[in-house]
Amino acid sequence: MGFSDADLQAIWLTLRLASLVTVLLLLIGTPIAWWLARTHSRWKGPVGAVVALPLVLPPTVLGFYLLLAMGPNGPVGQFTQSLGIGLLPFTFWGLVVASVFYSMPFVVQPIQNAIEALGERPLEVAATLRAGPWDRFFSVVLPLAKPGFFTAAILGFAHTVGEFGVVLMIGGNIPGATRVVSVQIYDYVEAMEYGQAHWLAASMVIFSFLVLLALYTLNPNQRKF
Amino acid sequence: MSIDQIQARFHLDYPEFSLDVDLALPGRGVTALFGHSGSGKTSLLRLVAGLMRVPDGSLSVNGEVWQDGRTFLPTHKRPLGYVFQEASLFPHLSARGNLAYGMKRVGHAMDRQALDQAVKLLGIAHLLDRRPHQLSGGERQRVAIARALALHPRLLLMDEPLAALDLKRKQEILPYLERLHDALDIPVLYVSHAPDEVARLADTVVLLEQGRVRAQGSVTELFSRLDLSLAQDQEASAIIEGVVLSHDDDYALTRIEIPGGTLTVQRLQRGLHELVRVRIHARDVSLALEEPGVSSILNILPARILELREIEQAQVLVKLCTGAGEKTPLLARITRHSRDRLRLHEGQSVYAQVKAVALMD
Amino acid sequence: MQTPRILLALLALAVVSASARAETVQVAVAANFTAPMKLIAEAFAKDSGHTANASFGSSGKFYAQIKNGAPFEVLLSADAETPAKLEAEGLTQSGTGFTYAIGTLVLWSADPALIEDGAKVLGRNKFRKLAIANPKTAPYGAAAMAVLKGLAVDQMMMPKLVQGENIAQTYQFVSTGNAELGFVALSQVTKDGKIGEGSAWVVPAGMHDPIRQDAVILKNGEGKAAAAAFMEYLKGDKAKDIIRSFGYQIP
Numbered sequence: 012m013g014f015s016d017a018d019l020q021a022i023w024l025t026l027r028l029a030s031l032v033t034v035l036l037l038l039i040g041t042p043i044a045w046w047l048a049r050t051h052s053r054w055k056g057p058v059g060a061v062v063a064l065p066l067v068l069p070p071t072v073l074g075f076y077l078l079l080a081m082g083p084n085g086p087v088g089q090f091t092q093s094l095g096i097g098l099l100p101f102t103f104w105g106l107v108v109a110s111v112f113y114s115m116p117f118v119v120q121p122i123q124n125a126i127e128a129l130g131e132r133p134l135e136v137a138a139t140l141r142a143g144p145w146d147r148f149f150s151v152v153l154p155l156a157k158p159g160f161f162t163a164a165i166l167g168f169a170h171t172v173g174e175f176g177v178v179l180m181i182g183g184n185i186p187g188a189t190r191v192v193s194v195q196i197y198d199y200v201e202a203m204e205y206g207q208a209h210w211l212a213a214s215m216v217i218f219s220f221l222v223l224l225a226l227y228t229l230n231p232n233q234r235k236f
Numbered sequence: 033m034s035i036d037q038i039q040a041r042f043h044l045d046y047p048e049f050s051l052d053v054d055l056a057l058p059g060r061g062v063t064a065l066f067g068h069s070g071s072g073k074t075s076l077l078r079l080v081a082g083l084m085r086v087p088d089g090s091l092s093v094n095g096e097v098w099q100d101g102r103t104f105l106p107t108h109k110r111p112l113g114y115v116f117q118e119a120s121l122f123p124h125l126s127a128r129g130n131l132a133y134g135m136k137r138v139g140h141a142m143d144r145q146a147l148d149q150a151v152k153l154l155g156i157a158h159l160l161d162r163r164p165h166q167l168s169g170g171e172r173q174r175v176a177i178a179r180a181l182a183l184h185p186r187l188l189l190m191d192e193p194l195a196a197l198d199l200k201r202k203q204e205i206l207p208y209l210e211r212l213h214d215a216l217d218i219p220v221l222y223v224s225h226a227p228d229e230v231a232r233l234a235d236t237v238v239l240l241e242q243g244r245v246r247a248q249g250s251v252t253e254l255f256s257r258l259d260l261s262l263a264q265d266q267e268a269s270a271i272i273e274g275v276v277l278s279h280d281d282d283y284a285l286t287r288i289e290i291p292g293g294t295l296t297v298q299r300l301q302r303g304l305h306e307l308v309r310v311r312i313h314a315r316d317v318s319l320a321l322e323e324p325g326v327s328s329i330l331n332i333l334p335a336r337i338l339e340l341r342e343i344e345q346a347q348v349l350v351k352l353c354t355g356a357g358e359k360t361p362l363l364a365r366i367t368r369h370s371r372d373r374l375r376l377h378e379g380q381s382v383y384a385q386v387k388a389v390a391l392m393d
Numbered sequence: 003m004q005t006p007r008i009l010l011a012l013l014a015l016a017v018v019s020a021s022a023r024a025e026t027v028q029v030a031v032a033a034n035f036t037a038p039m040k041l042i043a044e045a046f047a048k049d050s051g052h053t054a055n056a057s058f059g060s061s062g063k064f065y066a067q068i069k070n071g072a073p074f075e076v077l078l079s080a081d082a083e084t085p086a087k088l089e090a091e092g093l094t095q096s097g098t099g100f101t102y103a104i105g106t107l108v109l110w111s112a113d114p115a116l117i118e119d120g121a122k123v124l125g126r127n128k129f130r131k132l133a134i135a136n137p138k139t140a141p142y143g144a145a146a147m148a149v150l151k152g153l154a155v156d157q158m159m160m161p162k163l164v165q166g167e168n169i170a171q172t173y174q175f176v177s178t179g180n181a182e183l184g185f186v187a188l189s190q191v192t193k194d195g196k197i198g199e200g201s202a203w204v205v206p207a208g209m210h211d212p213i214r215q216d217a218v219i220l221k222n223g224e225g226k227a228a229a230a231a232f233m234e235y236l237k238g239d240k241a242k243d244i245i246r247s248f249g250y251q252i253p
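Protein chains in written order, with the numbering used here: chain A, 12 to 236; chain B, 33 to 393; chain C, 3 to 253.
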């Protein structure tokens with residue numbers, strides 16, 4: 012036995028999804044983390060809680076509401092339709108959007124923690140050395156908070172790969188678009204094709220282990236300045 | 033607006049802290065912002081740097097407006113150098129990288145001369161390739177000062193640069209700061225709560241108390257004002273500036289000319305006519321009504337009593353002046369008993385016996 | 003004296019309970035049969051004194067669990083294959099299997115105007131997504147595929163198909179409007195004996211293999227009075243009426 016063509020397609024799709032989601036999350040999550048780490052606004056609590064919701068919500072709850080929101084009668088669905096890009100459920104981009112929500116806390120929180128640990132001082136120092144706001148971010152925050160960004164990227168990627176409940180709710184199991192590895196495994200188990208299920212499931216276990224191993228051993232966090 | 037002045041007016045009002053200052057500071061030399069913690073001195077420095085912002089504040093530095101009703105230059109656009117209390121080197125860069133960080137960002141690019149001068153002034157040439165964690169606290173602070181100087185700032189701000197260092201490191205770094213004082217022709221605002229540092233480094237002192245300016249003046253003047261906390265400290269002393277007059281190598285002594293007299297001190301490693309600053313503690317000065325005939329004390333100065341103030345149950349602080357024009361202040365700390373026995377009063381002529389003179393720079 | 007009277011009362015209570023011998027039967031029930039099962043369990047408890055404890059889930063999951071020692075005594079499967087497979091592997095009380103319901107496939111839309119003239123809506127192809135259950139794992143999905151093939155629109159529909167992992171999820175896709183229409187179970191859209199909302203086409207039984215849902219007593223339930231009683235009750239008229247009222251057929 013081995014991977015079938017459908018398996019390979021699912022693996023490729025999953026990797027594509029996770030990579031894209033990770034990049035998007037770093038772009039979207041960083042400003043959110045930045046704001047959360049530094050604001051004294053009374054909205055800090057509510058926003059932080061919303062970002063953290065996927066940590067505690069069952070994925071099916073999130074998936075269900077995404078299905079409603081992105082559907083033809085939901086606010087997101089109305090918006091995407093008015094933009095002329097149609098509806099998001101059952102599409103690759105629908106999964107991307109859902110995964111961005113779902114994996115958000117795994118990216119925001121490590122970055123937020125890293126920025127909070129950094130404190131105000133290095134930024135003030137950089138300002139007195141003529142660095143403007145963007146310059147300060149790239150020349151001081153990024154290098155000093157590197158371990159946080161590294162952790163965020165790995166967790167965001169791994170969590171997207173492992174996502175199942177949300178995909179199930181809004182994916183529609185379309186090969187090449189929404190049939191990711193976790194769904195493929197589920198189908199094998201449901202169809203009682205345990206041999207095939209083992210191949211993919213064991214690969215997932217090994218992959219996840221390697222990712223976490225990388226996180227714990229390569230993390231520049233452990234490097235002492 | 034004056035072109036050789038720093039004019040600063042800030043007002044801020046928090047429930048637990050308020051600041052209300054309107055200052056005109058000299059456009060050159062070292063001005064110490066002196067006060068206890070919570071007096072607002074660091075806040076004032078941060079306001080000047082633009083690290084803190086209050087509405088309707090105003091600030092101009094030697095003719096340039098940094099803040100007024102319409103303008104607010106963000107910190108990174110102000111031509112200043114800032115030295116923080118604790119060493120604040122970027123840990124991901126070497127000492128050289130830290131120096132280069134600011135220099136790369138100032139308009140007039142890599143000014144080798146400014147860099148070389150700063151490196152030489154602070155004696156850090158041999159440290160440049162080290163990372164911050166490989167430097168001692170004092171070395172880190174020297175690199176931080178050089179980093180600020182290499183920018184060629186038009187104003188140098190120092191926030192208690194020695195406070196985080198132990199006594200030994202302080203002694204190590206003070207000579208560099210003194211060289212700075214002599215070498216720089218830009219204004220320096222130096223925040224401190226240590227009279228010793230202020231006495232050594234400052235030309236002008238702004239005394240802050242609870243967010244208000246209590247007094248402002250020359251070091252000599254403020255240190256000898258009996259109504260200020262400086263004079264009531266155990267270390268209360270008069271700061272006197274003079275020039276080296278002559279050396280006596282036989283006895284290893286040096287004579288210093290001060291306004292209206294001379295002081296004899298231990299041999300100084302200074303050239304003739306060099307400007308020196310000395311400190312005479314109030315507790316080292318005793319008073320006599322008549323000129324003592326034969327005494328082991330080297331320095332006996334004729335003086336006049338300007339003011340007497342009881343500071344404790346048993347102690348009286350006496351402010352005197354010596355010399356023609358009464359330019360040179362002296363402080364004496366005597367017992368109340370002695371005051372009454374000698375019947376000391378304002379305007380009286382006495383002789384001040386100075387037991388010790390400490391050289392400041 | 004009080005004591006003898008209390009003793010007598012306790013004795014009487016013991017005799018009564020012994021005669022009823024109330025037992026509990028653990029039933030694994032296909033998710034699509036959730037609503038009727040609740041009513042049947044209620045009636046069963048009232049009429050027999052036994053209790054039927056139902057767990058709802060997919061047949062594939064139950065198969066995996068039963069194979070690995072799950073304590074179910076009766077299985078109400080969503081298909082005929084799973085009970086047959088368990089029977090072949092010796093995990094059932096042999097000979098107890100029977101078809102308790104036949105599912106009816108319906109093409110349904112939440113839009114009351116979409117399905118006006120039966121299957122022709124498929125030929126017109128004026129929609130974005132058609133939802134079916136996963137044909138590989140759900141009998142309703144396999145039946146839906148057979149219908150599409152029979153109508154010769156399967157190639158045309160292929161790019162529009164979205165799959166629910168089970169018939170419940172397929173219904174969700176359609177009811178939220180994310181798929182305009184889909185093949186679901188008649189039982190899902192039946193309310194008080196008729197189709198409640200939207201528009202529908204009830205697929206004629208001859209267009210696909212019957213969606214037989216079989217029940218069987220599992221090894222754990224062998225010889226248990228409550229298990230046998232429940233199976234008998236399921237065959238009775240009261241249960242049949244309930245099953246029919248949800249849009250299932252009885253063989």
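Hints are computed from structural coordinates only; laboratory data are not their basis. Don't be surprised by glycine CBs; every beta carbon is placed ideally from N, CA and C. Careful, some of the hints might be misleading.
Footprint (simulated), chain A over chain B, 3 or more residues, beta carbon under 8 Å [what the hints assert, rightly or not]:
1) 99-113
2) 124-135
3) 170-184
Okay, the hints, checked on the actual structure:
Only residues whose C-beta sits within less than 8 Å of a C-beta in chain A count toward coverage, and the segment 99-113 of chain B has 6 of them, enough to reach three; the restraint holds. Counting residues of the segment 124-135 of chain B whose beta carbon lies closer than 8 Å to any beta carbon of chain A gives 3, which reaches the threshold of three, so the coverage claim holds. With a threshold of 8 Å between beta carbons, the proposed coverage of the segment 170-184 of chain B by chain A holds, since 3 of its residues qualify and at least three are required.
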